[in-house]
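Spelled out, the chains give:
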Amino acid sequence: MSVLALKNVSRSFGPIEVLHGVDIALRPGRVHALIGENGAGKSTTMKILAGYQPPSSGQVLLDGRPVGFASMGQAEAQGISMIHQEFNLAEQLTVEQNIFLGRELKRGPFLDKPAMRARTRDLLDRLECRVAPDRVVSTLSNSDKQMVEIAKALLRDTRVLVMDEPTAVLTRAETAILLRQVRALREAGTAVLFTSHKLDEVEAIADDLTIMRDGRVVWTGEAAAMDQHAMANAMVGREMSDLFPAKVSTPGEVALQVANLTVPGFSRDIGFTLRRGEVLGVAGLIGSGRTETFEGLCGLRPATGDVRIFGQPARIDHPWQAQSLGLCYLTEDRKTRGLLLGKGLRENLTLQALSKFSRGLLDTGAEERALDRAIADFDIRGHRGALVGNLSGGNQQKLLFAKTMLADPQIVVIDEPTRGIDIGTKQQMYVLIRRLAAEGRAIVVISSEMQEVIGLADRILVMRHGRITGELGADATEDAIVKLAMGVATEREPA
Amino acid sequence: MSDATAPRRIRMTVIGPILALVLLVVAGALMNPNFLGWDNVTNVLARSAFIGIIAVGMTFVITAGGLDLSVGSMAAFIAGLMILVMNSLVPSMGVGIPVILVGMAVALLAGLAAGLLNGILITRLGIEAFIVTLGSMGIYRSLVTWLADGGTLSLDFALRSLYQPVYYGGIFGITWPIIVFAVVVVIGEIVMRSTAFGRHCAAIGSNEQVAKYSSVRVDRVRLTTYAALGLLVGLATIMYVPRLGSASSATGMLWELEAIAAVIIGGTVLKGGFGRVWGTVIGVLILTLIGNLLNLTDFVSPYLNGAIQGAIIVLAVVLQREGKAR
Ligand SMILES: Nc1ncnc2c1ncn2[C@@H]1O[C@H](COP(=O)(O)OP(=O)(O)OP(=O)(O)O)[C@@H](O)[C@H]1O
Ligand SMILES: [Mg+2]
Chain A
15 MSVLALKNVS RSFGPIEVLH GVDIALRPGR VHALIGENGA GKSTTMKILA
65 GYQPPSSGQV LLDGRPVGFA SMGQAEAQGI SMIHQEFNLA EQLTVEQNIF
115 LGRELKRGPF LDKPAMRART RDLLDRLECR VAPDRVVSTL SNSDKQMVEI
165 AKALLRDTRV LVMDEPTAVL TRAETAILLR QVRALREAGT AVLFTSHKLD
215 EVEAIADDLT IMRDGRVVWT GEAAAMDQHA MANAMVGREM SDLFPAKVST
265 PGEVALQVAN LTVPGFSRDI GFTLRRGEVL GVAGLIGSGR TETFEGLCGL
315 RPATGDVRIF GQPARIDHPW QAQSLGLCYL TEDRKTRGLL LGKGLRENLT
365 LQALSKFSRG LLDTGAEERA LDRAIADFDI RGHRGALVGN LSGGNQQKLL
415 FAKTMLADPQ IVVIDEPTRG IDIGTKQQMY VLIRRLAAEG RAIVVISSEM
465 QEVIGLADRI LVMRHGRITG ELGADATEDA IVKLAMGVAT EREPA
Chain B
32 MSDATAPRRI RMTVIGPILA LVLLVVAGAL MNPNFLGWDN VTNVLARSAF
82 IGIIAVGMTF VITAGGLDLS VGSMAAFIAG LMILVMNSLV PSMGVGIPVI
132 LVGMAVALLA GLAAGLLNGI LITRLGIEAF IVTLGSMGIY RSLVTWLADG
182 GTLSLDFALR SLYQPVYYGG IFGITWPIIV FAVVVVIGEI VMRSTAFGRH
232 CAAIGSNEQV AKYSSVRVDR VRLTTYAALG LLVGLATIMY VPRLGSASSA
282 TGMLWELEAI AAVIIGGTVL KGGFGRVWGT VIGVLILTLI GNLLNLTDFV
332 SPYLNGAIQG AIIVLAVVLQ REGKAR
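Residue numbers (this note's numbering), protein chains in the order written: chain A, 15 to 509; chain B, 32 to 357.
If we strip away everything but chain B, and leave its shape as in the complex, we get (with noise of 0.2 angstroms):
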């Protein structure tokens, strides 16, 4: 039987994230001199605003006992809806902010109402989320698909200069998905740790008999946590389609699982109950580092990504029990 009480129990689960990606920012360090730069580090916080603003949402949904393997395809689908917009009101608006503008509203509507669609299967038909994210995992990618009409949706080309910014622009040296990542989090992290809502999300997902027998809305509460992400995975297109200017059936491929191990490796508990938005954030940060401290480097080849990321995944988890204190 475990002896474990709280505060040891933490201790443990919450040094382990922090620690390696310590090694990995001291081994890149060590490794290839521009890696603390500027630009490097810039890049890196850059890469990791889409995943991270997305995977801030997934930990919600995973604290209450829940799962989203639909947000990649679904920031596709967003990200090609939004584009088809844009296109389509050029010849009436003109070149110009408004068009943009809606755009943006398009893909946060479309993500909201995303999100709710997953929300409300799951909650109110009572189907697993798992099945009903894969099912709309697959449908999301098709259409995306469909609207591509099997190639690549590109925004008009006069529209895409003036979208840029969003994407390349900032503040002192910040550029925007910074800013909005950073954001993103700091909601996120007080909502999880001093609300209601963050409380209740942990509750349901403890044990949710507990938290019915408590009063507490349960239905309402998971179908927000669904709904939230959404929203976020257009907030997440919003800011990633000035990147390119286009989208394809490949756009945010793999996404939800990134997001998925972004979450788990910063230790909150994939069976739900536990939740922080932080530790997400060095989750997401370490994933990112390792893609570019391969590129950085050549004692391994870049192409085992994959394999180093799965790697850490798995010890993650493992550190994860022992932090239980056996």
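Bound-form chain A, shown alone (with noise of 0.2 angstroms):
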């Protein structure tokens, strides 16, 4: 019997049908995977399960019975939580408050913080989260926000979990913590709904499995009956072949040569040259720096240090300045950096090289003609007249290196290119990053998928706590990332 289920569930915005007659069930005790190509409709069936939104028709069971949440409040008061795949947090408030936020613990009129303050220590030490009850949220790294998203739905009583994309944002580590936590609450009847890119951790904790495609539901059952490869296969609809594509470079003229790069506060003395046609692989714990050094390197934080770009000394100050040298930046945190998610598609694509379509004044029909090309080379999928926050997180990654690529730089540095993105357009990505390599570009990619490393790069450099702490060749193992990465043994001397 399910506790919350949809029956026939169809969902439109305006116009558009996005989802078309979506039927899901959720089991207590069991933890229940969705998964799907980026826009596929897995967030709006979450918020329509969650009561986020209304379905614009079949019904939601709750219980068996039919129910139409008229808010999230009177969802939440039936014991069903969502943890959504953007933050949803006060980042001005504190963790504990956040946790607290809208069910403070009172002692008479007054606030009793002793008791919220150990309630918050003990459902973060449950998540082996060592945060201070006290930090306030816009300090948080990423992981340690999702960690504190996740202790506010396990201080709900929750019948139903709902979690969108949870482990998008986490390292391994956590990763591992946050599915310990998933089969405590499956042993104590909670039904669990759950998706994720990341096949490997749907094989590992999944009971039961859904598969969408367009909208629609293409196969459910036992998740068992599945292996990684034929959920990819099932999800994109045609056979996968292998995820990295062949590299093939030929290493040209240097192109980027970077000593005693320092970003105070992040990272010292980092040095390494790249050449055309290579990709020069990133790696390291999150926190290691990686992100810091390289947007200092293209002037977005204060930095100092020697960087030649094609031979000739460079003074970067300003991410401009970088651009104008032919260095871009590409940006982890595509939701508040990345885009500007209530514009359309076409003022995003066209905002870093605007000057391309400006003689005086815009040219619209190029712009247009710009974003048709956009669309078509980079698969992006979406209704064309939305306004970005609205795409899938999918869409909105590929948007964004669509944009990046507009402005045409020979150095691009791309921060973890595939977060939140289904494994057919990480294919597709990765044959575009070696096909922008092939065409002469040098390209750095800063990964925390050690896979993605290992299957993308020519040469990897590895960094802990600011500071290079090996390079290792193609041929690298996780393994051998990993001992640098925990700083277990050294390759070379820090430069």
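These are calculated hints, taken from the structure and not from any lab test.
Honestly, I wouldn't trust all of these hints.
[What the hints assert, rightly or not] Taking lysine to aspartate or glutamate and the EDC-like style, the derived pairs with C-alpha atoms no more than 16 angstroms apart in a straight line are:
#, chain 1, residue 1, chain 2, residue 2
1, B, 243, A, 331
2, A, 349, A, 100
3, A, 127, A, 100
4, B, 243, A, 347
5, A, 21, A, 100
6, B, 302, B, 159
7, A, 349, B, 239
8, A, 497, A, 485
[Stated by the list, open to error] Where chain A lies over chain B, by a calculated footprint (3+ residues, C-beta under 8 angstroms):
#, segment
9, 240-249
10, 254-265
Here a beta-carbon is modelled for each residue, glycine too, at the ideal position from N, C-alpha and C.
Assembly of the complex is requested from the two constituent chains, each provided in isolation within its own frame, with the hints serving as guidance.
In structure tokens form, the structure reads like this:
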């Protein structure tokens, strides 16, 4: 008997129907995985289940009875919690205030701060999260924010927990902790629904599995019946070949030469060389200073050091200076740094290279043609007139990619290129990155996914605590990277 | 959650201000037959011109996520300075067009300098626009009071009659302030809608981080919005001085609020990120028409002008929120 289910649910936004007759049933004490390509309708399905959006037609069944949640408060009162794909935290409040937001503990008319503090500590301990309860949320790393979100959901007595890509921003170790919590919830009889683009996680923990494609359920059943390869095939609707394209690189002239790069507070004495046609991987744990180092390099934060671009000494204090020298940084944080969520696709696409479309006045026609090309080249799916904030996460990522490449940089730093991207698109991205290299561009890929760095890069730098701890070749093993990232072995003295 | 797609959201906020303006015009025509007469129409437009020219500049500042509270006192200070300079030149240069041209140049330069100063303090020192311009508002107001020694600065009498046509004269029965206003509006609309600068303003106002990461020269764009606003304040002052031929500590009082109100009524988002110049024009016209209507009819006391304007501003913002379709 299912605790929460959708029956023949469709959902339209304006004239566009994005869910077509979806059925899904969550059972108590089972973990249900929902997988599918970007824009397949996973988030929308979850929001309807958790009462954040009403279905356009069809029914939501709670304990077998149709319900119409008028508000999310009602769904919550029924023991249904949801963790969204985007963070839903009050950035200016503390961890503790966030966790208890709207359900503060009181003693008489006053807040019972000691009790809340103790509960918060307790919850965070369970998640092995070492963040002080009085830290302001805006100062937390993405993975800590996710832990706070999870703690918030754990606080409520949940019969049904819905999690939209909870592991997208987590490291492996953190993911393992989360999965342990999920198992504990399952033991306690909670019905858990989650999505992830990491199919190994799905294989490891799911009892039930539903696969969606283009707004329809294409497969549902016991998870044990599918291995990762079969899941990937069902998601994309075709036979998936190798995830990573062949590395055919012919390194050309030196494009970027960095020495003694120091980003105060984040990294010290970084040095490396990058040639045209090369893909340089940068691995390391979250917090090892990879993002900050390259933001510093590209003029996005204060930094010192000797940088040469195509042999010429370069002084870069602002991102536009970097861009004019042919160096661009593609952010890992598409929601707050990458895209204008309240604007359309066209405005976002051309923002970084607007001068190309302007001879005094902007040539909107040329912009539209550029959008046509980007939609085709990067396989961006979604309604053309939509606001970017309404695109699915993966399609936002593709748009961000298209936007940066429109500026035609010769040297590109790509930070977490496939965060939140489905496996079919990932494959496309990898092909694309290799193609950019083959065209003679120089590419840096920062990634927390070790498989990705190994599969994609010609050389790999590993960072730890703001320093480069080693350099590995294309034949690097995961083990070797982990050792350098954790500081167990040193293959090269810090430069 | 919203299921707003771009077209729907814009439709609501577009219609709102136009509808309000049409309603006002119809009401006015019904209440007083002179309302749609040539004289009254040109009168309304001319009165709108000063605030209007400033409000066009304000549209860019607000769209880029900024604010400028100092424009009213800036106008007063520029007016005072202009009059002093012109008066002091009369003995050496005599009464003539050159003196007036020098006065105009002083006004534009002073406006540009004042705008740049606001902009530099905001972008280079990173002080809140509200604080910086609150400060400069007080400074300019007090400077003009000091220049006028607490009283009124009057333009040389002979010079005044020479200068007057700039306000009262025109071509084809359309006075100069209206013509200048129209030109400013057309240029402003084009810049906002179809140049990289306008696009950059909206990008910075929607999310400064994103703009920065997209290689937009954020500080330069924001500085430019303040400088352009200052220049436009200078231009408005040039049109305003010949009207009365004097400046005092009461000149340009509350212009900043009227300009900001016009921008908001016109559908520009106060938080920034979206602006439209033609909306601002409608906003200015609405504000001026209310005053004009109250003067022409006697249902409501003209003293209630401020109350009605205030109510309309709040209503406009409420409509904007509805327009974002929840
Ligand atoms: N508020 C909205 N307005 C318009 N279209 C929307 C809205 N929300 C979602 N969509 C559209 O519905 C479709 C499904 O989106 P959804 O976010 O459910 O995909 P998803 O499977 O979660 O993808 P991802 O893996 O990228 O997160 C997409 O085409 C998206 O553009
Ligand atoms: Mg999603």
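Here's how the hints hold up against the structure:
no.	hint	result
1	B:243 <-> A:331	holds (12 angstroms)
2	A:349 <-> A:100	holds (8 angstroms)
3	A:127 <-> A:100	violated (28 angstroms)
4	B:243 <-> A:347	holds (13 angstroms)
5	A:21 <-> A:100	violated (26 angstroms)
6	B:302 <-> B:159	holds (13 angstroms)
7	A:349 <-> B:239	holds (13 angstroms)
8	A:497 <-> A:485	holds (12 angstroms)
9	240-249	holds (count 9)
10	254-265	violated (count 0)
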